[in-house]
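Chemist: Letter by letter, the chains look like this.
Protein chains: 4
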Amino acid sequence: MLTRRSTKLTHAGALAALAACVARAEAMGVPQCIAVVDASGVLLAFVRMDGARFLSNESAIAKATSAASTRMPTSRLPVDMEVKLALATGGRLTNLKGGVPIIVEGECIGGIGVGSGTGSQDLEVARAGLAAIGAEDQTA
Amino acid sequence: MLTRRSTKLTHAGALAALAACVARAEAMGVPQCIAVVDASGVLLAFVRMDGARFLSNESAIAKATSAASTRMPTSRLPVDMEVKLALATGGRLTNLKGGVPIIVEGECIGGIGVGSGTGSQDLEVARAGLAAIGAEDQTA
Amino acid sequence: MLTRRSTKLTHAGALAALAACVARAEAMGVPQCIAVVDASGVLLAFVRMDGARFLSNESAIAKATSAASTRMPTSRLPVDMEVKLALATGGRLTNLKGGVPIIVEGECIGGIGVGSGTGSQDLEVARAGLAAIGAEDQTA
Amino acid sequence: MLTRRSTKLTHAGALAALAACVARAEAMGVPQCIAVVDASGVLLAFVRMDGARFLSNESAIAKATSAASTRMPTSRLPVDMEVKLALATGGRLTNLKGGVPIIVEGECIGGIGVGSGTGSQDLEVARAGLAAIGAEDQTA
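Protein chains in written order, with our numbering: chain D, 1 to 140; chain F, 1 to 140; chain B, 1 to 140; chain X, 1 to 140.
These are calculated hints, taken from the structure and not from any lab test. One thing to keep in mind: the hints can contain errors.
Stated by the list, open to error - Each pair of labels, with its calculated beta carbon distance range:
1) D:Lys-8 with B:Leu-55: 42 to 52 Å
2) B:Asp-137 with X:Ser-6: 34 to 44 Å
3) B:Val-79 with D:Gly-90: 16 to 26 Å
4) X:Gly-51 with B:Gly-134: 54 to 64 Å
5) B:Gly-29 with X:Arg-71: 26 to 36 Å
6) D:Leu-2 with F:Gly-90: 45 to 55 Å
7) F:Ala-27 with D:Glu-26: 23 to 33 Å
8) F:Gly-134 with D:Gly-90: 33 to 43 Å
Ideal Cβ positions, reconstructed from N, Cα and C, are used throughout, including at glycine.
Next comes chain D alone, as it looks inside the complex (with noise of 0.2 Å):
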């Protein structure tokens, strides 16, 4: 089997979770950055809300990469290898709470990464917006 078939985020799908994760990040009061990349890691979409950090324009990024990369939530590497992982990749690859791949059909097919909050205010963003795709969200 030469090729296969995939799933593919749209713009439009991109663009509706970062929606959603805007509109619960202003629920919460806490602006953030906010970053959706396909399944290569390349930027889909992305937000920086008033007043979120600036440096967490980068941080979002790698969330959102490292989410997609693994296919698993950040924030789950064992301790002892995430400064390794970050060196080896450049910064790119994250422990950081708050990137969650977007899994549909058990395929992943990208990842949301939302960073200026603290861990959990982030992680809580990004799960509205694997919510408005309806991915399945492996933090429930």
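With the hints as your guide, set chains F, B and X onto chain D.
Modeler: Frame of chain D; chains F, B and X shown alone:
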């Protein structure tokens, strides 16, 4: 005078510009990468549409940054300067058509950059973003 | 609300902070690298004093950027987070003491970072910069 | 002879140059980014004036560094060499007008680079910095 009053683009404004750009690109049938940056060139909002070229992620951001920095639409630099300026800024300053500054009441509060179509298509989409937020259009 | 009113630090303000930091460092007999960045972390003013460590160029800028992004003095992040956050931001987010946000009327308009002395000396010099521009001092 | 006596620019000298450049730029009504580097190309002093292009942070530093390295004003390299040299130095060597070496008693002790205006405006501002520290002016 140690400080001065100024205007900032909100994330609501950035997302309104993004949505208007996407709508225009869909109407044209040309998928695009669209970036909105703040007055210091830091990313505020982004989307890559289905079928858009993924390397245009970089050029769309460079166009938005360049327009925000120069306070002019891109493609207006003298041709003999454009490579030197790109090299002296690590590629961040580009003269590719498709970037516009966001000017509100005479102040530059950011930039919009669009890439993946022809230069003219990119510019047309970027201008739709300006209209959505009531900014001046120096290319009209 | 597509835009909002805001405050910016002028170069006169940034240079006034720089001069006050230099004066304090000279009075202490501790040469320093001193950086002032805007609200998006872009450099506004900088000086490296005679005898200061040249690698502190980088750390002073990182401290200023970190304080501007988090809106808090540096060194207040949880210890178990600091390496992960540094790695996820390409080293731009540092928890080294000596960075302070510039808060004017409740709004963060930039940051000051100082490096080349001990953390306490760095902070003392940075605070002199805040006083010069009448900004709040969260470390007082 | 294993070592030799040399002259160094102090931070007082670098700040005097910076202040003279700012004064000239204000008199011209052209906001500028102004960088002063030492004989090794490491940043000594910097300011970005209100309204200056933020991407000129990079080019001003490149101009100062290039002038300090070549011990010549920038823009004197053969045109057919400038892109090759820029590429071979990661963009640090630029031939853009606006950089001058700081030559005192025949020794190059640093460089001044100015960017955000036209090349001629940039050079005029840089020369004001040389005058303030009594350095030779090879462009006179």
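Chemist: Could you run down the list of hints and mark each one as holding or not?
Modeler: Structure-based check of all given hints:
no.: 1; hint: D:Lys-8 with B:Leu-55: 42 to 52 Å; result: holds (45 Å)
no.: 2; hint: B:Asp-137 with X:Ser-6: 34 to 44 Å; result: holds (41 Å)
no.: 3; hint: B:Val-79 with D:Gly-90: 16 to 26 Å; result: holds (24 Å)
no.: 4; hint: X:Gly-51 with B:Gly-134: 54 to 64 Å; result: violated (23 Å)
no.: 5; hint: B:Gly-29 with X:Arg-71: 26 to 36 Å; result: holds (34 Å)
no.: 6; hint: D:Leu-2 with F:Gly-90: 45 to 55 Å; result: violated (40 Å)
no.: 7; hint: F:Ala-27 with D:Glu-26: 23 to 33 Å; result: holds (29 Å)
no.: 8; hint: F:Gly-134 with D:Gly-90: 33 to 43 Å; result: holds (40 Å)
Hint violations for this structure: numbers 4 and 6, all remaining hints satisfied.
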